[in-house]
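*Asks:* Protein chains in written order, with my numbering: chain R, 36 to 473; chain P, 36 to 473.
Read the hints as simulated data drawn from the structure, not as lab findings.
Do not take every clue at face value.
Identical copies look the same in the list; a pair holds intra-copy or inter-copy alike.
Below are the DSS-like pairs computed for lysine-lysine, each with C-alpha atoms no more than 30 Å apart in a straight line [unchecked claim]:
#1 K441 to K80
#2 K155 to K91
#3 K150 to K428
#4 K224 to K276
#5 K106 to K224
#6 K166 to K428
#7 K155 to K106
#8 K352 to K166
#9 K224 to K91
#10 K229 to K150
#11 K352 to K290
#12 K155 to K428
#13 K89 to K347
#14 K283 to K150
#15 K348 to K233
#16 K233 to K290
Keep in mind the model is a prediction, meaning the values are calculated, not measured.
Number of protein chains: 2
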Amino acid sequence: MSSLQAQRAVRGRFLDIQHTVSQASDIAPAIRYIEDGLILLNAGKISWFGTWEKGKDLLSADTPFEHYPDKLIVPGFIDTHIHFPQTEMVGAYGEQLLEWLNSYTFPTELQFKDKAYADKIAQFFVQQLLKNGTTTALVFCSVHTESVDALFEAAEQQQMRLIAGKVMMDRHAPDELCDTAESSYHDSKALIEKWHGKGRNLYAITPRFAPTSTPEQLQKAGQLKAEYPDVYVHTHLSENKNEIAWVKALFPEQKGYLDVYHHYGLTGERSVFAHCVHLEDAEWDCMHATHSAIAFCPTSNLFLGSGLFPLKKTWEKQVKVGLGTDIGAGTSFNQLQTLNEAYKVQQLQGDKLSAFESLYHATLGGAKALDLDDKLGNFNLGKEADFIVLDLKATALQALRQERAKGIEDALFALMTMGDDRNIHTTYIYGDPVYVKY
Amino acid sequence: MSSLQAQRAVRGRFLDIQHTVSQASDIAPAIRYIEDGLILLNAGKISWFGTWEKGKDLLSADTPFEHYPDKLIVPGFIDTHIHFPQTEMVGAYGEQLLEWLNSYTFPTELQFKDKAYADKIAQFFVQQLLKNGTTTALVFCSVHTESVDALFEAAEQQQMRLIAGKVMMDRHAPDELCDTAESSYHDSKALIEKWHGKGRNLYAITPRFAPTSTPEQLQKAGQLKAEYPDVYVHTHLSENKNEIAWVKALFPEQKGYLDVYHHYGLTGERSVFAHCVHLEDAEWDCMHATHSAIAFCPTSNLFLGSGLFPLKKTWEKQVKVGLGTDIGAGTSFNQLQTLNEAYKVQQLQGDKLSAFESLYHATLGGAKALDLDDKLGNFNLGKEADFIVLDLKATALQALRQERAKGIEDALFALMTMGDDRNIHTTYIYGDPVYVKY
């Protein structure tokens with residue numbers, strides 16, 4: 036065989052899911068586990084993937100080559116809901132959603148009008164993502180355009196595929212943190228023109244949530260979405276019962292919380308709604324009918340006492356779902372720790388969340404929720420080469436447990452129960468190792 | 036001032052709670068926070084504690100001395116419920132309590148009839164406790180006397196105060212894992228004579244839980260307790276709804292689950308019941324009346340989907356409570372991670388768990404639950420010198436958050452939300468540093 040053009044090759048133990056599925060039971064048959072595999076990377080993409088035995092002759096002698104014989108390589112984690120200006124406020128005590136916003140979040144986000152400050156935290160935030168094996172995220176910035184510039188600039192340095200947007204918020208927040216319907220439209224539009232599709236960056240129209248936008252602002256958000264249909268919509272939905280009651284009081288003319296967004300044209304294939312803990316049946320149907328997606332954020336739902344997300348219902352109702360850390364209401368940047376708590380949230384409801392289903396939500400399922408499953412989420416040919424090398428034995432306790440693991444699914448489940456950032460050995464973005472532990 | 040006899044002195048920032056309380060609101064006034072403090076240690080005990088300013092002249096020049104200017108020193112963590120033979124099985128997938136026991140636990144515990152194996156895991160277990168800042172624990176061994184010997188021998192090497200006992204189990208388990216009413220009595224009695232009060236070791240009569248003991252065995256357990264009233268009783272209670280229904284079917288003549296133990300004389304000042312997630316009102320009253328204690332095990336209750344423990348009720352009903360990791364159904368040896376989830380369990384019930392109350396449960400309150408608050412739990416004069424030096428900034432994210440902390444309570448809460456074993460810098464047992472990170 037003649038050698039393939041490759042800028043880099045990686046050999047090791049690979050695990051991914053070959054295609055998206057419509058039922059949880061279809062995940063296990065779609066698992067692809069190669070104990071001694073090889074991946075070739077070219078121009079940021081996967082140019083070949085298979086067993087070492089089949090692939091070794093494709094390698095030319097001068098291709099940069101890494102071998103991870105005792106590690107596990109999986110697609111990069113995808114975080115479908117996170118707030119970059121809240122990086123510094125994880126662990127804010129004692130409140131549920133609405134009081135937490137007023138007491139902690141708004142004062143913190145005020146700092147992001149300062150571009151230098153936003154730059155500093157954006158750099159830190161991107162490093163935290165990489166250190167935790169998160170290669171793509173859908174990100175809330177603050178209301179300030181500076182925060183969006185800061186984040187996209189930081190992402191661009193790493194060639195990361197991030198989706199982000201400026202918060203739109205014109206009421207029920209401190210004056211200094213409010214824009215107007217008009218200014219939010221123009222600022223968002225300018226940011227879309229500047230960033231959407233530039234390199235790997237993508238833009239999301241980002242009204243914080245219905246209570247902090249006037250009908251006029253939501254109408255403007257819908258207008259933007261109509262003008263730029265391939266731009267994302269990213270907001271919050273049905274996280275907390277007091278929040279839901281408030282939305283119903285603010286928008287009595289709509290049928291419910293989701294109907295507010297739907298009315299203004301904000302549902303759809305590239306719309307992601309964080310939380311959805313307390314959706315009503317008609318709302319599940321609307322999510323399905325509009326191909327909208329949910330970001331399930333277990334550590335946040337527990338930390339704020341929001342409730343237990345019924346993950347099983349996403350399969351029953353055929354609604355796309357991804358996993359979100361929701362920093363800073365969430366308590367960890369790490370998707371392994373997020374999956375630990377996702378499992379517990381399901382256990383409390385009498386449902387089982389398998390390791391393979393967990394992997395699906397954290398990788399290919401998340402990519403599908405972001406309408407990026409043609410580009411991300413597994414090792415299929417032509418996909419963008421974002422993946423992570425996991426050390427399954429990062430602590431002595433993990434090593435003891437892993438020595439007793441009964442196969443790859445058990446090993447993966449143990450990792451998801453005990454893992455944290457220490458298990459991320461190397462993070463590859465667009466074909467390059469951009470983070471290496473120690 | 037003349038110098039005091041001291042084998043060691045430690046200077047740093049100290050935080051503890053000065054006395055036990057009967058209401059959560061009394062904890063904050065009992066907090067003792069010394070920014071620049073000094074502790075003198077002699078013969079395993081605290082011989083002096085106060086500010087550096089007042090204490091520095093008591094030090095003689097040749098006293099070994101450590102200074103931790105940028106750390107936080109708190110009493111050692113107390114784990115009121117943990118299974119040492121389950122160290123290797125954290126993260127066993129997919130079951131709730133009863134199936135989990137049969138599928139995973141019993142096969143794992145079978146290995147502990149081999150003394151060499153038990154020794155190996157006992158050494159590992161004790162190291163895990165120390166690495167996680169746990170200085171005292173109430174521990175389930177396996178049914179084998181070898182497991183008890185192994186654990187006490189390992190604890191003795193470190194001079195740790197551990198309470199442990201042999202499982203009593205004579206039905207509803209694999210034959211190889213069952214003793215008999217008679218043999219369990221004699222074996223436990225011999226272990227009590229051998230270990231209880233030897234060095235810092237204390238013994239606990241340990242029927243696994245009502246369903247795996249015949250009435251005859253429970254009667255024998257009660258007989259032992261009557262013969263050795265200062266020995267502990269350690270078992271499980273009301274963890275899972277199917278378990279409760281099973282107990283009611285097995286013991287129709289008793290008024291409820293707790294009444295089974297009460298009937299056989301197993302409640303009392305040194306009786307600790309793990310879980311108590313679903314206690315009935317009469318059971319709360321019996322716990323109070325008998326001065327029995329609860330071990331609250333949040334990571335385990337979530338992992339097995341057992342339910343949400345109503346911590347607030349322990350104050351209302353005046354029932355003693357400590358914190359338990361419940362390894363291997365729990366998911367971490369670490370009390371900081373356990374407190375992270377304790378907070379979430381309370382948030383889901385609309386209750387707030389403050390950082391100071393959390394510290395209380397993990398230290399002095401745990402000591403009280405174990406009837407050891409005269410010996411452990413804070414820095415009072417004459418107490419045994421078990422304490423830990425915490426690094427509040429063990430990760431970059433923690434450092435960012437701690438730089439913004441608004442005082443010690445906020446700093447402590449951030450630690451409890453984001454912390455893990457990396458935050459344990461040094462663990463002192465009986466006056467000596469027995470674990471130092473790296």
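*Asks:* Within a copy, between copies, both or neither: where do K352 and K290 come within 30 Å Cα-Cα?
*Replies:* within (20 Å within a copy, 44 Å between copies)
*Asks:* From the Cα coordinates, with 30 Å as the cut-off, is the pair K283 and K150 best called within, between, both, or neither?
*Replies:* neither (36 Å within a copy, 65 Å between copies)
*Asks:* Could you place K155 and K428 in one of the four classes (within, between, both, neither) given a Cα distance threshold of 30 Å?
*Replies:* between (33 Å within a copy, 19 Å between copies)
*Asks:* Are the CA atoms of K233 and K290 at most 30 Å apart within a copy, between copies, both, or neither?
*Replies:* neither (38 Å within a copy, 70 Å between copies)
*Asks:* Could you figure out if K150 and K428 sit no more than 30 Å apart (CA to CA) within one copy, between two copies, both or neither?
*Replies:* between (40 Å within a copy, 26 Å between copies)
*Asks:* Classify it for me, K229 with K150: is the Cα-Cα distance of at most 30 Å met within a copy, between copies, both or neither?
*Replies:* Intra 17 Å, inter 69 Å, cutoff 30 Å: intra-copy only.
*Asks:* Regarding K348 and K233, is the shortest C-alpha distance of 30 Å or less found within a copy, between copies, in both, or in neither?
*Replies:* Neither. Shortest intra-copy (36 Å) and inter-copy (56 Å) distances fail the 30 Å Cα cut-off.
*Asks:* Check K89 against K347 for me: Cα-Cα at most 30 Å, and say if that holds within a copy, between copies, both or neither.
*Replies:* neither (39 Å within a copy, 62 Å between copies)
*Asks:* Between K155 and K106, at a C-alpha cutoff of 30 Å, which is it: within one copy, between copies, both, or neither?
*Replies:* between (33 Å within a copy, 26 Å between copies)
*Asks:* Treating 30 Å as the Cα threshold, decide for K352 and K166: within, between, both or neither.
*Replies:* Classified as neither; 35 Å inside a copy, 46 Å across copies.
*Asks:* Checking an output row: K441 and K80, CA cutoff 30 Å. Within, between, both or neither?
*Replies:* neither (33 Å within a copy, 46 Å between copies)
*Asks:* Have a look at K106 and K224 and pick one of within, between, both or neither, based on CA distance no larger than 30 Å.
*Replies:* Answer is neither; intra-copy 44 Å and inter-copy 48 Å both fail.
Violated hints for the displayed structure, listed by number in ascending order: 1, 2, 4, 5, 8, 9, 13, 14, 15, 16.
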